[in-house]
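Colleague: Here is what each chain is made of, one letter per residue.
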Amino acid sequence: MTDPLLEVRGLSRRFAAVDALKDVNFTVAAGEVHALIGPNGAGKTTFIHHLSGALFPDAGKIHFNGSEITRLRMHQRVRAGMARSWQITNVFLGLSALDNVALAVQGRPDAGTSFRFWRPVDREARLFEEARTFLEQVGLGERSGRLAGELSHGEQRALELAMALATRPQLLLLDEPMAGTGPEESARMVELIEHLARHVTILLVEHDMDAVFRLADRISVLVNGQLICTGTPDAVRNDAGVRRAYLGDHL
Amino acid sequence: MAFYRPARWQQTAALVVLAALLALPSLLDVLDQSYYIGFATRVLIFALAASSLNLVLGFGGMVSLGHAAFFGVGAYVAAICQQAGLGEGLLVLPLAMAVAGLFALAVGAVSLRTRGVYFIMITLAFAQMTYYLFVSASLWGGEDGLPVYERLRLGGISLAGDAALFFVVLGALTVTMLLFSRLAQARFGRTIQAIRENETRMEALGYPVLRYRLACFAIGGAVAGLAGALLANLSGLASPNLLQWTQSGTLLVMVIIGGVGYLWGGVVGAVVLLLLEEILLAWFAHWHIVLGLLLLAVVLFAPKGVAALFGRRDD
Amino acid sequence: MTQLFLEQALNGLQFGLMLFLLAAGLTLVFGIMDCINLAHGSLYMVGAYFVAAAAQAADSFWLGLGAGVAGTALLGLLLELSLFRQLYRRDHLAQVLATFALILIANESVRLIWGPAPLLLNPPESLAGPVEIAGFFYPAYRLVIIACGLVVAGLLYLLVAKSRIGMWVRAGAANREMTEALGINVRALFTAVFVFGAGLCALAGGLLGPLLAVQVGMGESVLILAFVVIIIGGIGSIRGALVGALIVGTVDTLGRALLPTLLRATLPADAAATLGPALASILIYLLMAGILFFKPQGLFPARA
Ligand SMILES: Nc1ncnc2c1ncn2[C@@H]1O[C@H](COP(=O)(O)OP(=O)(O)OP(=O)(O)O)[C@@H](O)[C@H]1O
Ligand SMILES: [Mg+2]
Numbered sequence: 001m002t003d004p005l006l007e008v009r010g011l012s013r014r015f016a017a018v019d020a021l022k023d024v025n026f027t028v029a030a031g032e033v034h035a036l037i038g039p040n041g042a043g044k045t046t047f048i049h050h051l052s053g054a055l056f057p058d059a060g061k062i063h064f065n066g067s068e069i070t071r072l073r074m075h076q077r078v079r080a081g082m083a084r085s086w087q088i089t090n091v092f093l094g095l096s097a098l099d100n101v102a103l104a105v106q107g108r109p110d111a112g113t114s115f116r117f118w119r120p121v122d123r124e125a126r127l128f129e130e131a132r133t134f135l136e137q138v139g140l141g142e143r144s145g146r147l148a149g150e151l152s153h154g155e156q157r158a159l160e161l162a163m164a165l166a167t168r169p170q171l172l173l174l175d176e177p178m179a180g181t182g183p184e185e186s187a188r189m190v191e192l193i194e195h196l197a198r199h200v201t202i203l204l205v206e207h208d209m210d211a212v213f214r215l216a217d218r219i220s221v222l223v224n225g226q227l228i229c230t231g232t233p234d235a236v237r238n239d240a241g242v243r244r245a246y247l248g249d250h251l
Numbered sequence: 001m002a003f004y005r006p007a008r009w010q011q012t013a014a015l016v017v018l019a020a021l022l023a024l025p026s027l028l029d030v031l032d033q034s035y036y037i038g039f040a041t042r043v044l045i046f047a048l049a050a051s052s053l054n055l056v057l058g059f060g061g062m063v064s065l066g067h068a069a070f071f072g073v074g075a076y077v078a079a080i081c082q083q084a085g086l087g088e089g090l091l092v093l094p095l096a097m098a099v100a101g102l103f104a105l106a107v108g109a110v111s112l113r114t115r116g117v118y119f120i121m122i123t124l125a126f127a128q129m130t131y132y133l134f135v136s137a138s139l140w141g142g143e144d145g146l147p148v149y150e151r152l153r154l155g156g157i158s159l160a161g162d163a164a165l166f167f168v169v170l171g172a173l174t175v176t177m178l179l180f181s182r183l184a185q186a187r188f189g190r191t192i193q194a195i196r197e198n199e200t201r202m203e204a205l206g207y208p209v210l211r212y213r214l215a216c217f218a219i220g221g222a223v224a225g226l227a228g229a230l231l232a233n234l235s236g237l238a239s240p241n242l243l244q245w246t247q248s249g250t251l252l253v254m255v256i257i258g259g260v261g262y263l264w265g266g267v268v269g270a271v272v273l274l275l276l277e278e279i280l281l282a283w284f285a286h287w288h289i290v291l292g293l294l295l296l297a298v299v300l301f302a303p304k305g306v307a308a309l310f311g312r313r314d315d
Numbered sequence: 001m002t003q004l005f006l007e008q009a010l011n012g013l014q015f016g017l018m019l020f021l022l023a024a025g026l027t028l029v030f031g032i033m034d035c036i037n038l039a040h041g042s043l044y045m046v047g048a049y050f051v052a053a054a055a056q057a058a059d060s061f062w063l064g065l066g067a068g069v070a071g072t073a074l075l076g077l078l079l080e081l082s083l084f085r086q087l088y089r090r091d092h093l094a095q096v097l098a099t100f101a102l103i104l105i106a107n108e109s110v111r112l113i114w115g116p117a118p119l120l121l122n123p124p125e126s127l128a129g130p131v132e133i134a135g136f137f138y139p140a141y142r143l144v145i146i147a148c149g150l151v152v153a154g155l156l157y158l159l160v161a162k163s164r165i166g167m168w169v170r171a172g173a174a175n176r177e178m179t180e181a182l183g184i185n186v187r188a189l190f191t192a193v194f195v196f197g198a199g200l201c202a203l204a205g206g207l208l209g210p211l212l213a214v215q216v217g218m219g220e221s222v223l224i225l226a227f228v229v230i231i232i233g234g235i236g237s238i239r240g241a242l243v244g245a246l247i248v249g250t251v252d253t254l255g256r257a258l259l260p261t262l263l264r265a266t267l268p269a270d271a272a273a274t275l276g277p278a279l280a281s282i283l284i285y286l287l288m289a290g291i292l293f294f295k296p297q298g299l300f301p302a303r304a
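Residue numbers (the working numbering), protein chains in the order written: chain A, 1 to 251; chain B, 1 to 315; chain C, 1 to 304.
Hints listed in this document are in silico derivations from the structure and should not be mistaken for laboratory results. Some clues are possibly wrong.
Said to hold, decoys possible - Going by beta-carbon spacing under 10 Å, a handful of chain B positions derived as facing chain C:
1. Arg113
2. Ala127
3. Gln128
4. Ser136
5. Met177
6. Leu179
The beta carbon of each residue, even a glycine, is placed where N, CA and C say it ideally should be.
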C-alpha cells in the first residue's frame with residue numbers, strides 16, 4: 001500500500017475551556033475524495049485551519065506528501081501543494097474575477113517572483129491566459145470581467161475554487177463549498193467537484209449529506225473534537241456510534 | 001479600498017503641473033518673490049516624504065507612526081557626509097536612501113510581527129528611540145543638530161543656488177512618482193495592495209506576506225531618507241526635531257488629507273497642509289487650533305480625505 | 001554607590017508608579033475599545049495645568065489637586081461623549097488622526113491660555129524638605145508620591161481584579177462581543193473607563209507637577225513611555241501595565257543614573273562619554289524590542 005498523501009497523528013488543540021480537537025488521527029489517500037462531517041461546532045473548520053497552517057496544534061504531527069509540515073507557515077504549505085477554500089467566501093471584491101485568479105497564478109513559484117516593479121500586471125498576458133482556463137474550469141468563463149463583488153454568492157464560491165485550483169494543488173481543502181448556495185448552484189458545485197476530483201485529491205467538509213454521499217470515497221466523522229469513525233459511505237451510514245452521535249436525525 | 005489603476009486625466013494634470021513648476025523659479029524671479037522658491041522646495045520635499053509614507057500606509061496598509069525616523073536618518077546621513085567633506089549628491093543621496101532603507105528594514109523586521117494598535121505603538125516607540133539617540137549623540141550636535149554649511153553638488157554642479165536645489169528636488173519627486181505609479185500597477189503593487197485588503201487570503205495563495213510587507217516598508221523608508229537628505233540641504237541643518245513623532249504625525253496628516261492610497265495623496269496633502277500653514281500662520285499664531293478642528297472635521301465628515309472629494313480612485 | 005543605587009531605585013519606583021497611573025487608563029481604552037488614543041498624554045498635560053492653576057487660585061496644593069483631577073475627569077467625560085463614542089467604530093487610522101488633532105488643539109489652547117512659559121507648581125510646604133531614611137536623605141514629597149502611587153495602584157488592582165465592575169472591564173478586554181451579548185451596558189462602561197483614565201492622568205500630572213516643569217509638550221514624551229509600558233505589559237491588562245510600568249520606571253531611571261558610571265569603568269573615557277547617555281536613553285526601547293521578539297503579545301496578553 002502506498003503512503004497516504006496526508007497523514008495526521010495525535011492532533012490536539014485547546015481553546016481556553018474547549019477541547020476543539022482531541023487526539024485526531026486521520027489520513028487522506030492520494031486520489032480520493034474524503035469527506036469530513038460532524039455537527040455544528042464539532043471542530044471541522046478548526047481542523048482545516050490546522051491543516052492549512054492558519055492555526056498551530058498543541059500536540060500532534062501533520063505529514064504531507066512524505067514530509068512533516070506541522071510547523072510550516074501557511075504560504076509554505078501552499079507551495080508544498082495544499083490549497084483551501086473558506087467557509088465564508090474570501091475573494092478580493094474590488095478586483096475582477098479574472099484578476100482574482102491571475103493573482104493566484106502570480107503567487108505560484110513557477111510564475112516567477114512578485115518582486116517586479118515596472119511592468120504593469122495587466123500586460124502580463126500569460127498570467128491572464130492561464131487564469132482564464134481556471135475560470136472556465138469552474139464555469140465562470142463568461143463572467144471573467146466582472147468585479148468579484150458583483151458576482152452572485154454561488155459564483156463567488158466557484159471563483160474561490162478557481163483561485164485554489166490556480167495554485168496547482170495536490171490536495172484541496174474545501175470548507176463547506178455549498179454553504180449558503182441555492183439548490184441549483186449546489187447541484188452545479190457537486191458536478192464541479194466531481195469533475196475536479198479526477199485530477200486532484202479533495203478533503204471536503206460539508207453539511208449537505210446528499211452531496212457528501214454522492215462525492216465521497218471515504219467519510220470521517222468528527223464529534224466534539226474527536227474522530228469517532230472513518231470508512232466507506234456505506235460503513236459510516238451503518239455505524240451505530242455515528243448514528244447515535246450524529247446521523248440519527250439525518251437518516 | 002479599491003486597487004490602484006492609472007487615470008489618464010491625472011497623468012495629463014501631472015504633466016501640466018510639472019511644466020508650470022519648471023517655469024516657477026524664473027517666474028518668481030521676475031516677480032521679485034524669490035523667497036518663495038525655498039518655500040516651494042520645502043513643499044516638494046514634504047510631498048516626497050508624504051508620498052513615501054503613502055506607499056507604506058495607503059498601498060501597503062501599514063499604519064506606521066514612526067516614519068519621521070527614516071526621514072531624519074536621511075537628513076543626518078547627508079549632514080554627516082557633508083561635514084566630512086563628502087559633498088557629491090550622486091553618492092550622498094543614494095547613501096542616505098540606503099541607510100534609511102536598511103534602518104527601516106530592521107525596524108520593520110521587529111514591528112511587522114505585530115498587528116493593529118500594537119504596530120502603531122511600536123513604530124512610534126522605535127521612532128522615539130531614534131530621536132533620543134540623536135538628541136544624546138553629542139558627537140552629532142546633540143539637541144542642536146548638525147549643521148550643513150555647504151550644499152551638495154550634483155555631478156559637480158553646485159546646488160548652492162535655490163533654483164538649482166529646487167530643480168533637483170522637483171526631479172527627485174518626478175522620478176519617484178513615476179516609479180510609484182509603475183510599481184503600483186506592477187506585480188509588486190498588486191501584491192501589497194492585495195495584502196492590505198486580505199492578508200490571510202494572500203498567504204493562502206502562497207505569498208510570503210511578511211517579505212512583501214517588509215520590502216514595501218523599506219522602500220518607503222528609503223524614499224523618506226532621500227527627502228530628509230534634501231531637507232537638510234535646504235534648511236542647512238539636520239535636527240533631531242525631524243525625527244520627533246509629531247513629525248511622523250504631520251506626515252500622516254498630509255497623507256490622510258490628501259487621500260490614503262491615492263497615488264497623488266501624499267503630494268496633494270503636503271501642498272494643502274503647508275499652504276494652509278503659510279496662510280493661517282500669518283493670520284493667527286495659534287493656527288494649530290484651526291488645523292486640529294479641520295482635521296476633526298475631516299475625520300468626521302470626509303473620511304476618505306480631500307482627494308476623495310474630487311472623484312473615485314480609479315476613474 | 002549603594003546609597004546612589006537606593007536613591008535611584010526609589011526614584012525609579014516613583015516614576016514607575018506614575019507611569020502606571022497613565023498606562024492603566026490607556027491600556028483599558030486600547031484593550032476594551034480597541035481604540036488608539038494619542039491624546040492621553042494631552043489629558044496628562046491639561047490635568048497638570050488644571051492642578052497648577054487651581055492650586056495657585058486656592059493657594060493649596062491638595063485642593064488644587066482635587067479640583068484639577070475633577071476638572072480633567074469632566075473634560076474626559078465631554079470628550080468621550082462628543083468624540084470618542086464616534087471613534088470606537090472607526091478604523092485605527094481615523095482614531096490616530098482624530099486624537100492627533102486633539103493634541104494639536106490641546107497644546108495650542110494651553111499656550112493660548114497660559115502662555116509659552118512653564119507654570120510653577122509648588123509642593124505643599126510641609127513636604128518641601130528631605131527626610132532621613134536608612135542613613136540618607138530623600139525628598140519627603142517624593143515619598144508621598146510613592147505612597148499615593150502605591151495606594152492608587154492597590155485600589156485600582158482591587159477594583160479591576162475583585163469588583164464586579166472590574167470583572168466586566170476584564171471581560172470586555174478579553175472579548176467585547178461576548179460581554180455585550182451578556183447584556184452589560186458596554187457604552188456606559190466605556191464612558192466610565194475613559195473618564196476614570198482621564199482622572200488618573202490628571203492625578204499623575206498633578207503629583208509630578210512640582211518635580212517636572214508644567215509645560216506644553218510634556219504629554220508627548222510621557223505618552224510614548226506609556227505606550228512602551230503597554231506594549232511590554234500586554235494590551236488590556238492592568239497587571240501587565242503595573243509590571244511594565246515598574247520595569248520601565250526602574251530600568252530607565254537606573255540606566256540613566258548608573259550606566260554612564262558603569263561604562264566609565266569598562267570603556268575608554270571618551271567612548272563612555274558618548275555612548276553612556278545614548279545607550280541610557282534607548283535602554284527601555286531595546287528592552288521593549290527584546291520582549292516583543294519573544295512575546296509579541298506582551299508579558300500578560302489579555303486576549304488568548
Ligand atoms: N479562536 C477560537 N477561540 C475559542 N474557541 C474557538 C475558536 N475557534 C473555534 N472555537 C470553538 O471550537 C469549536 C469548534 O469550532 P469549529 O468552527 O471548528 O466547528 P465546525 O465543526 O466548523 O462547525 P460548523 O459546522 O458550524 O462550521 C467550537 O466550540 C468553537 O466555539
Ligand atoms: Mg465550520
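Colleague: Checked against the structure, which of the hints given earlier come out wrong?
Modeller: 5 and 6
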